[in-house]
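Chains W and E, in that order, give the protein sequences.
Counting along the first sequence from 1, when you hit position 165 you're at 170 in my numbering, and nothing is skipped either side.
Counting along the second sequence from 1, when you hit position 105 you're at 403 in my numbering, and nothing is skipped either side.
Note that these hints are calculated values from the structure, not bench results.
As a list, the in silico SDA-like pairs of lysine to any residue whose alpha-carbon atoms are at most 20 Å apart:
#: 1; chain 1: E; residue 1: K343; chain 2: W; residue 2: D253
#: 2; chain 1: E; residue 1: K343; chain 2: W; residue 2: V242
#: 3; chain 1: E; residue 1: K343; chain 2: W; residue 2: E165
#: 4; chain 1: W; residue 1: K78; chain 2: W; residue 2: N28
#: 5; chain 1: W; residue 1: K78; chain 2: E; residue 2: V319
#: 6; chain 1: E; residue 1: K343; chain 2: W; residue 2: Y232
#: 7; chain 1: E; residue 1: K343; chain 2: W; residue 2: G225
#: 8; chain 1: E; residue 1: K343; chain 2: W; residue 2: A256
What you are looking at is a predicted structure, and each value in this text was computed from that prediction instead of being measured.
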Amino acid sequence: MLPRVESALNAVLGAAVTLQHANGPGRAFELYVMTGVAIRLPPRGFDVWLQRSDGTRVSPTDPDRRFIQRGGKPTGISPAASGPGNASAIGLRHKSSGAAWEIWNGVQFRGRSSAPHEIDLALVPEQTGAQLRLTGGMALGRPWVSVECKDVGTAGSLDEMRAFVARMYDLTVLHGHRRYLPTGQVICSGPAIYPAPVTYRDANQAAFSAIVRRTRFARGSAAMTAYYSVRPYAQVVVNAPEATQFLDEVADWIAIHCH
Amino acid sequence: MASVDVRLLPLIEALNSAGAVWIATELLDAIARGHVPLEPPERLKMARILSDELGTDWSEEPESATSAIEGLAQIGFATQYIETRLTDAINYLEAGLLQADDILDSDERPRARPAEISQSIEDGEQVLEVDRAAVGNARLAMEQLSSALREWRLQAEAEGQ
Numbered sequence: 006m007l008p009r010v011e012s013a014l015n016a017v018l019g020a021a022v023t024l025q026h027a028n029g030p031g032r033a034f035e036l037y038v039m040t041g042v043a044i045r046l047p048p049r050g051f052d053v054w055l056q057r058s059d060g061t062r063v064s065p066t067d068p069d070r071r072f073i074q075r076g077g078k079p080t081g082i083s084p085a086a087s088g089p090g091n092a093s094a095i096g097l098r099h100k101s102s103g104a105a106w107e108i109w110n111g112v113q114f115r116g117r118s119s120a121p122h123e124i125d126l127a128l129v130p131e132q133t134g135a136q137l138r139l140t141g142g143m144a145l146g147r148p149w150v151s152v153e154c155k156d157v158g159t160a161g162s163l164d165e166m167r168a169f170v171a172r173m174y175d176l177t178v179l180h181g182h183r184r185y186l187p188t189g190q191v192i193c194s195g196p197a198i199y200p201a202p203v204t205y206r207d208a209n210q211a212a213f214s215a216i217v218r219r220t221r222f223a224r225g226s227a228a229m230t231a232y233y234s235v236r237p238y239a240q241v242v243v244n245a246p247e248a249t250q251f252l253d254e255v256a257d258w259i260a261i262h263c264h
Numbered sequence: 299m300a301s302v303d304v305r306l307l308p309l310i311e312a313l314n315s316a317g318a319v320w321i322a323t324e325l326l327d328a329i330a331r332g333h334v335p336l337e338p339p340e341r342l343k344m345a346r347i348l349s350d351e352l353g354t355d356w357s358e359e360p361e362s363a364t365s366a367i368e369g370l371a372q373i374g375f376a377t378q379y380i381e382t383r384l385t386d387a388i389n390y391l392e393a394g395l396l397q398a399d400d401i402l403d404s405d406e407r408p409r410a411r412p413a414e415i416s417q418s419i420e421d422g423e424q425v426l427e428v429d430r431a432a433v434g435n436a437r438l439a440m441e442q443l444s445s446a447l448r449e450w451r452l453q454a455e456a457e458g459q
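My request is simple: use the sequences and hints to build the entire structure.
Next up, the structure:
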């Protein structure tokens, strides 16, 4: 045994206790990414706020100022009636147009096949969140922004890219699909503000999709990215120019498309 | 695929005993995969540009071989992996909490003492919560961990010569 190493590890994980959870480091990365995007939005014309799972805002004077992230199995959106103790989100509103949006973390969306797909960071219209909070459940369709956050040490593979492309394919609702969809579903794109695209290429171009990694991509893994409009970002670590570039590009995209 | 060097086993045990099973699992996976050839940053940049331009003009580069991490090299790889992994996680936590504080303060009047957000991970009955002070303590403890890992690596390398 290595008593010094073990004792120091206990001290690190005993202080930053969320890192004890298998999903803890990943959630820390996602917290950094989603708040990093959000703090870039006020200079681009948005109000931003932290939001509890029941839709209420977190105020600086509230005794409970936790940002809650889900540690276990991913789910959809919890009903507001179940209280504020489920996964938190970030709200944003365009100051001029009043268009409101929510950034979700680790929420499942339903694909056309009915399969659930977890998206690490998703931007959806506020109406989608409000509607889902009435009963709880999953939105059907594709978020406007979908970011897969990978903080593991190994390099990203072509299989990782395939899995993300397949997820986006199942989540894409084209114009021609609408008549086959089950009724009564909350469609996250919302027909009034997200015209149903005719082709997959239209859908890929209309949204922002990215895989963002703490480490790098293995040779060959970028092959599917350009065609499917999945933007690859590597070495996104705190204070790195790669992180600044990624966060700025997401914020710029939101500023251009979401008002 | 390289087999795990027996000299690495006490470190794996220490990770498991400290509750860092996830690092042990990742580390063994990384060693099994070895060093893989990587996409150069300019190819990723090109991919992002082509994503915006409906681009399909993508040229594949020939595959190159992975190189195994074997023997004593696993010791250096493992200590570096653990140190970088935990340091990055602490950096993400600290920056994420600071940015969350900025969001909390963005639409309110200035106050004498800024409010602070904590991160809470909830998994059924298990609730884990951390604030900036705790992250600061973790950063201090990282210095001890780096020193302990360095000491063990040097000892293992000396014994392996």
